[in-house]
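A.B. asks: What follows is the residue order along each chain.
There are 2 protein chains.
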Amino acid sequence: MNIQEVVAELKEERGGRIVMMVADGLGGLPLTPGGPTELEAAQTPNLDRLAQRGVCGLMTPIKPGITPGSGPGHLGLFGYDPLRYVIGRGVLEAAGIGFAVGPDDVAIRCNFCTLDAEGKITDRRAGRIPSEESAALVATLRAIRIPGVEIFVEPVKEHRFVVVFRGAGLGANVGDTDPQVVGKPPLDPVPHDEASRRTAEIAKEFVAQARKILAAQSKANGLTMRGFAKRPHLPGYREAYGLKAAAVAVYPMYKGLAGLVGMDLLGKPATLEEEIEVLEKAWKETDYNFFFVHFKYTDSRGEDGDFDAKVKMIEAFDAVFPRVEALRPDVLIVTGDHSTPAKMKSHSWHPVPTLLVADTCRPDTAEAFSEKACLQGGLGHFEAVYLMPLALAHAGRLAKFGA
Amino acid sequence: MNIQEVVAELKEERGGRIVMMVADGLGGLPLTPGGPTELEAAQTPNLDRLAQRGVCGLMTPIKPGITPGSGPGHLGLFGYDPLRYVIGRGVLEAAGIGFAVGPDDVAIRCNFCTLDAEGKITDRRAGRIPSEESAALVATLRAIRIPGVEIFVEPVKEHRFVVVFRGAGLGANVGDTDPQVVGKPPLDPVPHDEASRRTAEIAKEFVAQARKILAAQSKANGLTMRGFAKRPHLPGYREAYGLKAAAVAVYPMYKGLAGLVGMDLLGKPATLEEEIEVLEKAWKETDYNFFFVHFKYTDSRGEDGDFDAKVKMIEAFDAVFPRVEALRPDVLIVTGDHSTPAKMKSHSWHPVPTLLVADTCRPDTAEAFSEKACLQGGLGHFEAVYLMPLALAHAGRLAKFGA
Numbered sequence: 002m003n004i005q006e007v008v009a010e011l012k013e014e015r016g017g018r019i020v021m022m023v024a025d026g027l028g029g030l031p032l033t034p035g036g037p038t039e040l041e042a043a044q045t046p047n048l049d050r051l052a053q054r055g056v057c058g059l060m061t062p063i064k065p066g067i068t069p070g071s072g073p074g075h076l077g078l079f080g081y082d083p084l085r086y087v088i089g090r091g092v093l094e095a096a097g098i099g100f101a102v103g104p105d106d107v108a109i110r111c112n113f114c115t116l117d118a119e120g121k122i123t124d125r126r127a128g129r130i131p132s133e134e135s136a137a138l139v140a141t142l143r144a145i146r147i148p149g150v151e152i153f154v155e156p157v158k159e160h161r162f163v164v165v166f167r168g169a170g171l172g173a174n175v176g177d178t179d180p181q182v183v184g185k186p187p188l189d190p191v192p193h194d195e196a197s198r199r200t201a202e203i204a205k206e207f208v209a210q211a212r213k214i215l216a217a218q219s220k221a222n223g224l225t226m227r228g229f230a231k232r233p234h235l236p237g238y239r240e241a242y243g244l245k246a247a248a249v250a251v252y253p254m255y256k257g258l259a260g261l262v263g264m265d266l267l268g269k270p271a272t273l274e275e276e277i278e279v280l281e282k283a284w285k286e287t288d289y290n291f292f293f294v295h296f297k298y299t300d301s302r303g304e305d306g307d308f309d310a311k312v313k314m315i316e317a318f319d320a321v322f323p324r325v326e327a328l329r330p331d332v333l334i335v336t337g338d339h340s341t342p343a344k345m346k347s348h349s350w351h352p353v354p355t356l357l358v359a360d361t362c363r364p365d366t367a368e369a370f371s372e373k374a375c376l377q378g379g380l381g382h383f384e385a386v387y388l389m390p391l392a393l394a395h396a397g398r399l400a401k402f403g404a
Numbered sequence: 002m003n004i005q006e007v008v009a010e011l012k013e014e015r016g017g018r019i020v021m022m023v024a025d026g027l028g029g030l031p032l033t034p035g036g037p038t039e040l041e042a043a044q045t046p047n048l049d050r051l052a053q054r055g056v057c058g059l060m061t062p063i064k065p066g067i068t069p070g071s072g073p074g075h076l077g078l079f080g081y082d083p084l085r086y087v088i089g090r091g092v093l094e095a096a097g098i099g100f101a102v103g104p105d106d107v108a109i110r111c112n113f114c115t116l117d118a119e120g121k122i123t124d125r126r127a128g129r130i131p132s133e134e135s136a137a138l139v140a141t142l143r144a145i146r147i148p149g150v151e152i153f154v155e156p157v158k159e160h161r162f163v164v165v166f167r168g169a170g171l172g173a174n175v176g177d178t179d180p181q182v183v184g185k186p187p188l189d190p191v192p193h194d195e196a197s198r199r200t201a202e203i204a205k206e207f208v209a210q211a212r213k214i215l216a217a218q219s220k221a222n223g224l225t226m227r228g229f230a231k232r233p234h235l236p237g238y239r240e241a242y243g244l245k246a247a248a249v250a251v252y253p254m255y256k257g258l259a260g261l262v263g264m265d266l267l268g269k270p271a272t273l274e275e276e277i278e279v280l281e282k283a284w285k286e287t288d289y290n291f292f293f294v295h296f297k298y299t300d301s302r303g304e305d306g307d308f309d310a311k312v313k314m315i316e317a318f319d320a321v322f323p324r325v326e327a328l329r330p331d332v333l334i335v336t337g338d339h340s341t342p343a344k345m346k347s348h349s350w351h352p353v354p355t356l357l358v359a360d361t362c363r364p365d366t367a368e369a370f371s372e373k374a375c376l377q378g379g380l381g382h383f384e385a386v387y388l389m390p391l392a393l394a395h396a397g398r399l400a401k402f403g404a
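Here the protein sequences come in this chain order: A and B.
The first sequence begins at 2 in the numbering used here and counts up one residue at a time.
The second sequence begins at 2 in the numbering used here and counts up one residue at a time.
One chain only, chain A, in its complex shape (with noise of 0.2 Å):
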């Protein structure tokens, strides 16, 4: 048995409420040798003080030295093995744009591309045609019929769409279409088993299709596709931990992620306040047992290599604390799917701050949220998918073990 499996057979349908608080991209780095990272920089009261009252670790998104994506970030974060269950491109892209995959589905990123008389490629970005103008195409695209499967098509952002195949026994097994490179054609969908010759068959129709109402275009006259992917096979958060779990997100990429586990999306907030408020209305009105919230603005300013915003950002994280904090969780969890340090610009390997409050948590010696101190914690070095399982036992949500 996994632990994945010991968790689905030991859970309980009773115990208590829990409050997962993802601050994205949380952990970071020192920009000079000797300095304090993000984290320690920023002015923490609330959060030192769970750290206090709570016990701390370091969390390892996937396994040492493995940078997550968002994707496996948040599969780790939700209790599922991101290299077991690979969540595709083409899902992934879906799930960005709050595009419900069903398990009939296949979901396919697009660029639309400009192709010169002789359909070889000119500019793989078609110009990086304006968001407007590229969900007019999208939309003049979804008169494509073809027998025997439902067509999406949904535009994401400047050259960037999503289409969805949906039909019964659809295979993702099929090459990209895009060759990389310009002064060379799309390549044909090739399948790659024999679920996918259909799902390729239906491409390349889709692709003829678009050929033609995309023909008198002068940028976006031609696409490629990219990242041919179904759902991936996992039991949702009911049936893995028996929660009934709500998400408060407010980008439509972790909104897509908390539904691929079966978790419900709450409300529209569009700023972290709002984000409370939604909690704060569901905790009280609701008989959800596990929130998870997402704040995406640490790793924003991380990815732009911007140090002091995203101290500051970590900072009006901490600033809700009080209010999460008067709803009395039963478990309460402040982490991030990885760390995203202003230094590198970009998402990294390093193991993610982490704490967890509850009424039977064992003290330890952090007195402070911060890398240094989650190193004296009392969760040690560990890894993402045992998150929910501490979380559950600290809930009083799973049973023994064996007599």
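Hints are computed from structural coordinates only; laboratory data are not their basis.
Keep in mind it's a predicted model, so treat the numbers as computed, not measured.
One or more hints might be untrue.
As the list makes no split between identical chains, a pair holds if one copy fits it or if it spans any two.
[Said to hold, decoys possible] Restricting the straight-line Cα-Cα distance to at most 25 Å, the calculated cross-link-like pairs of lysine-lysine (BS3-like) are:
#1 LYS158 / LYS401
#2 LYS346 / LYS12
#3 LYS401 / LYS285
#4 LYS297 / LYS313
#5 LYS285 / LYS269
#6 LYS220 / LYS313
#7 LYS158 / LYS12
#8 LYS344 / LYS401
#9 LYS401 / LYS346
#10 LYS313 / LYS346
#11 LYS64 / LYS346
#12 LYS297 / LYS220
Got chain A sorted already, so can you dock chain B onto it with the hints?
C.D. replies: Same frame as chain A, but now just chain B:
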């Protein structure tokens, strides 16, 4: 290769002698925020001195968040992956009374119950009849004969007893006969695979004969069967580690568990003092090179929720260490099979303070034996299955892996 296979390959039939002192349920929690755990509240001058000499750490019995029963807890301590080797309920119950379950045995937990004139259960525990009365009834059931199978019937406590069917090829995949509610008759034993058909027939015949024998009883005139199980196929200590191992324990359960991994059971000690006497004698007079010494009452007082009494038990445990040290074992381990915080009145998932003393220890900064001090320990956070490999390594009993 997994760790167990590696160790089996590298084991050497020579090296030092190992003593593993297990205080059941050793780990704890503070009763109040900022307070000490039971181990931190206890005066443990001997264990503190050993912690300074040796190396400390925090041992996760199964995986983070998973609370072990006694069976999986000890399997882990003994180095067997508890998620791989599952001890069925029947075998554990048999182990609990010191019945040595053999490879051809199917062990079953049985309850006496009360049936009405229609054969429906009116009391699932037969009024919890006294153990003496129950044992006398169990003796009458030994008259049952079924061709081709040897039958053992052994009392446990009150209405509980164990039945063992011994016969080649008997499967144990048979459903429980306890309907879990009153007002219904016991279920028929239903086989869930081909190998278990004969077992189910035997069980049915056993129940039929038992009903005749018990017919005149007013309370215990029926029985239910649960947890049909065979012993797990696991390599014993000799095969796994090249060790000649002995167990010193007061309670039958722990003798039974030690027996399952091929340890010999020494003496009939009734107290911790007597256990140490048994250890001393065997140390001098035998060539066992591994000793498992089990102390029960730290767990018992934790289960009672009696913090102060658990503290006293830890102090009693501490007091015997000068005698253990006087034997000069090459490797001395002090640990528990899990935590049993008095605050929770139950087993818990919290990691277990652990120390190892040997000439090959790399000293750490732990100056006392406590949960907090172990956080700084050189063993770090580690899973129970690695304790035996560490013990063998420090005893000079593991060869180099690869050239």
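A.B. asks: If a hint holds in the structure, say so; if it doesn't, say that too.
C.D. replies: We went through each hint and held it up to the structure:
Proximity of LYS158 and LYS401 under a CA criterion of 25 Å is satisfied inter-copy only: 22 Å between copies versus 49 Å inside one chain copy. In this homomeric assembly, LYS346 and LYS12 come within 25 Å of each other (Cα to Cα) only across copies, at 20 Å, whereas the closest approach inside a single copy is 40 Å. With identical chains, the CA atoms of LYS401 and LYS285 are never at most 25 Å apart, being 31 Å at best within one copy and 40 Å at best between copies. Taking the shortest alpha-carbon separations for LYS297 and LYS313, only the intra-copy value of 13 Å comes in at or below 25 Å, while the best inter-copy value is 51 Å.
Taking the closest pair of Cα atoms, LYS285 and LYS269 come within 25 Å of each other only inside a single copy of the chain (18 Å); across copies the shortest separation is 59 Å, beyond that limit. In this assembly of identical chains, LYS220 and LYS313 lie within 25 Å of each other by CA distance neither inside one copy nor across copies; the values are 41 Å within and 72 Å between. For a Cα distance limit of 25 Å, the shortest separation of LYS158 from LYS12 qualifies neither inside one copy, at 41 Å, nor across copies, at 30 Å. In this assembly of identical chains, LYS344 and LYS401 lie within 25 Å of each other by CA distance solely across copies; the values are 17 Å between and 44 Å within a copy.
Within a single copy, LYS401 and LYS346 get their C-alpha atoms only as close as 44 Å, which misses the 25 Å cut-off; across copies the closest is 13 Å, which meets it. Only within a single protomer do LYS313 and LYS346 lie at most 25 Å apart by alpha-carbon distance; the minimum there is 16 Å, versus 44 Å between protomers. Proximity of LYS64 and LYS346 under a CA criterion of 25 Å is satisfied intra-copy only: 21 Å inside one chain copy versus 34 Å between copies. In this assembly of identical chains, the alpha carbons of LYS297 and LYS220 never lie at most 25 Å apart, being 33 Å within a copy and 66 Å across copies at closest.
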